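Visitor: Sequence:
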Amino acid sequence: MFDFIKKLFGNEAVNYKQLVAQGAQVIDVRTPAEFNNGHIKNSKNIPLQQLAAKMKNLDAKKPVITCCASGVRSASAKSMLKEKGFEAYNGGGWSALQNKLNK
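Position 21 (the sequence shown) corresponds to 21 in our numbering; numbering is contiguous.
Worth double-checking, as some hints may not be accurate.
As the list claims (entries may be wrong) - Mimicking BS3-like on lysine-lysine, the simulated pairs with C-alpha atoms at most 25 Å apart in a straight line are:
id, residue 1, residue 2
1, Lys-17, Lys-62
2, Lys-82, Lys-62
3, Lys-17, Lys-44
4, Lys-103, Lys-56
5, Lys-100, Lys-17
To be verified - Pair by pair, the computed Cβ-Cβ distance ranges are:
id, residue 1, residue 2, range
6, Ala-13, Ala-53, 15 to 25 Å
7, Lys-82, Asn-15, 33 to 43 Å
8, Asn-102, Ala-53, 13 to 23 Å
9, Lys-103, Ala-53, 14 to 24 Å
10, Gln-50, Ser-70, 18 to 28 Å
It should be emphasised that the hints constitute simulated quantities derived from the structure, not laboratory data.
Fair warning: this is a prediction, and the values are worked out from it, not measured in the lab.
Virtual Cβ for every residue (Gly too), placed ideally from N, Cα, C.
Turn these sequences into a full structure, and let the hints steer you where they fit.
Guide: Written out as structure tokens, the structure reads:
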């Protein structure tokens, strides 16, 4: 069970701040209402249920960091993006990711 969770959420040490400095796209997969209540500056809101249809609007040459409220939806988004050839990272919950980016 623990291996499944590690695989889903990732067990990699990622420097999110460095990725963003190098042009990574931050995609928040929460609903528009959740996004409007707070989000990471310059992040793009693409709700998880719309991601497959809107993937074509992302730059496939740049890494993608996904985030949501807790990390569950962003883990699904990361998997979807990786299946389509994107370099993708699960940033987890948006507020925790914001703290990592501000360090």
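Visitor: Next, verify each hint and record whether it holds.
Guide: Status of each hint after checking the structure:
1. Proposed proximity of Lys-17 and Lys-62 is supported: the alpha carbons are some 14 Å apart, at most 25 Å.
2. For the suggested pair Lys-82 and Lys-62, the alpha carbons sit about 12 Å apart, so the restraint of at most 25 Å is met.
3. Of the pairs offered as hints, the one joining Lys-17 and Lys-44 holds, with about 17 Å between alpha carbons and a cut-off of 25 Å not exceeded.
4. Between Lys-103 and Lys-56 the alpha-carbon distance is near 32 Å, which puts this suggested pair outside the 25 Å criterion.
5. Pair hint Lys-100 plus Lys-17 holds up; C-alpha atoms about 7 Å apart against a cutoff of 25 Å.
6. Range check, Ala-13 to Ala-53: Cβ separation about 32 Å, and the 15 to 25 Å hint is violated.
7. Taken as a hint, the range 33 to 43 Å is violated for the pair Lys-82 and Asn-15, whose Cβ atoms sit roughly 19 Å apart.
8. Between Asn-102 and Ala-53 the beta carbons are some 32 Å apart, a value that contradicts the proposed interval 13 to 23 Å.
9. At about 34 Å, the beta-carbon gap between Lys-103 and Ala-53 misses the expected band of 14 to 24 Å.
10. Checked against the hint of 18 to 28 Å, the pair Gln-50 and Ser-70 passes, with Cβ atoms roughly 19 Å apart.
In the structure shown, a violation is registered for the earlier hints numbered 4, 6, 7, 8 and 9, in ascending order.
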